[in-house]
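**Q** Read off the chains here:
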Amino acid sequence: MTTPLGKDLLGLEELTGEQITLILDTAEPFKEISERSIKKVPTLRGSTIVNLFFENSTRTRISFEFAEKRLSADTVNVAASGSSVAKGETLVDTARNLEAMRIDMVVIRHSSSGAARFLAQRIESNVINAGDGTHEHPTQALLDLLTLRDHFKKIAGLKVCICGDVLHSRVARSNIWGLQKLGAEVAVCGPRSLMPNAIDDFGVKVFSRIEEAIEWADALNVLRLQLERMQAGYIPSLREYNRVFGVTRERLERAPRDVLILHPGPMNRGVEIDSDVADGPHSVILNQVTNGVAIRMAVLYLLQGGRPDLASAAMGAAN
Amino acid sequence: MTHRSETILDAQAVERTLRRMADQIVESNGGADGLCIVGIQRRGVQLADRIVTYINESEKSAVPRGALDITLYRDDLQTVGPRPVVGATTLPGSIDGKYVVIVDDVLYTGRTIRAALDELADFGRPARIGLAVLIDRGGRELPIQPDFVGKKVNARTTDRVDVQVQEIDGSSGAILVSPKA
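Quick note, the sequences are listed as chains A and B, same order. For the numbering used here, count along the first sequence from 1 and bump the result up by 19. For the numbering used here, count along the second sequence from 1 and bump the result up by 11.
Next comes chain A alone, as it looks inside the complex (with noise of 0.2 Å):
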C-alpha cells in the first residue's frame, strides 16, 4: 500500500481532484485537535521533521510546527542565516547531512523555483514544499480550498479571482491548479505589468479592473503586493496602485452580492486591501491561518509511509 499522496507534496498541479479533497477531508477532524485542552496526539510520535527555510516566513513555519507538534512529531527548524549555508553549503549537501542524522521529513522554503523537487528527487525523506520560488505553495492555496468550502460548502461551480501581483505569486499558481481541478471558475485581475506572458494558458478569465471582478466573483483572494515591485518599475507608486486596485468598501459595496476576501497574508493595509475590507464582515482572513494548521496537519499525515510487508497483517487484525 503506498500513500495516498505519493512520498511527496510538491505542488497541485500534479495532484488529482480526488487526492486535493481526500487532504480536504483529512483535515476536517484535525480541526477539532486544535479546540482540545490537550491540543497532541501521539499519530506522528518518532518522526522527525526538519523544517528547512531558505528564506524568510513567520506564518508559514509557526503553522508546520505547530501541525508537526501537535501531531507528537519531533522538529528540528534551521534557517538559512546562521547555518552552515551562510558558509556556501549546497541545498543538496545541507539535506544529505540531516538525512545521515536519520531524519523522516523535510519542509522546505526556497527562493529558487523548483528546489523542493531538485531535493525530493535526491533524499529518501518526505519532501513537503512549503513554497519555491515563484512556483507553488501547495499548503497555502489548500487551506484556501478548505476555507472556500467551510463558507460555501463546495468549491465547483465557485467563482473565485486572483487579485494583485500574479506573476511573481506562488499562491496564486498553487490556487489556479487547485480552484480548477475542483471545478471552479478562476479569474485573476491586476496590472498588465504584473501578469504573466501566458496568462492565457492558464485557462482563466483576465480582468483588467478590479470593479469588474468584483461584480464577477463570489470570492476574491487578494494577493500581497511586494513592495520591492515599486522599485523595480511594475507599479509606479503604492498610492496609485490603491486607488485603481485596491480593494475597498466602497467598491465591494457596489457588488451584487457578498464577496468573501481572502488575503495570504502579511497585508498591506491601505495598499492592496483596505483595513475596514480586511477586518469586515466578510473576511475569512484568520479563518485561513486556522484552516492552515489542520491542512498541515492532513499533510504531514497523508505522507507518512506504511510498510507494504506488514500491512497485511496488521490489517487482518483490525479489530
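Be careful, since some hints might not be right.
[Said to hold, decoys possible] Footprint (simulated), chain A over chain B, 3 or more residues, beta carbon under 8 Å: (1) 96-104; (2) 123-135.
[As the list claims (entries may be wrong)] Cβ-Cβ distance ranges computed for the label pairs, FRET-style: (3) Asn165(B) x Lys59(A): 35 to 45 Å; (4) Ile155(B) x Arg288(A): 48 to 58 Å; (5) Lys172(A) x Glu152(B): 38 to 48 Å.
It is worth saying that the hints were derived from the structure and are not from the lab. Predicted model, so just to flag it, every value in this text is computed and none were measured. Every residue gets a Cβ at the ideal spot worked out from N, C-alpha and C, and that includes glycine.
Let chain A serve as the given structure and place chain B on it in line with the hints.
**A** Just chain B now, with coordinates in the frame of chain A:
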C-alpha cells in the same frame, strides 16, 4: 475464494441484545446519573446511540453521548500507513468524574480499545471507564476485557465478523464470514 456467511444476530436479536446491554449498564451504575456513552467510529457510534435511546426511555434521563475516532491513536501507522478517512471525535462536555462506557461493534485484538483509552485520557479523567461490545470474537493481543457483551463467538483468525447498522449499511445484524474449506 468463496465464503460462507452465518448469521450471528439478526435485526431483532440486535435490538433485544442492545436493550439488555443498556439495562446492564444502568444496573452496574445504579441509575443513569453520571453516565456517558461513547461510541467508536464508525459502527460503534450508531450502537451507542441506540443504547442511549434505550437508557433514556427506561430511566427518563438525558444521558450524554459522544463519538471517538481512534485513527490518530493507532499503533500501526508505521506499518499500515494512513487510513484515508478519519472520522469526527465529539465528546459531550467534560468527562471528568463520569462513568464513561465505550461502545464498539466487534472486540478482537483489543488494540482499538487500547487506543480509545489513550484518547479518552487526553480529554479528562473519568471516574471509571467501561467497555460494551456487541460481539466478542476472542483473539485478544492485549490484556483488555469487556464489561458488557452482546454475544460471544469463537472466530478463527481467518474468519471475519461484520456488524451492520441501519444508518450505514441499510440493515442491522451481525454475521460471521469464513472461507470455505
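**Q** Name the hints, by number, that the structure is in violation of.
**A** none
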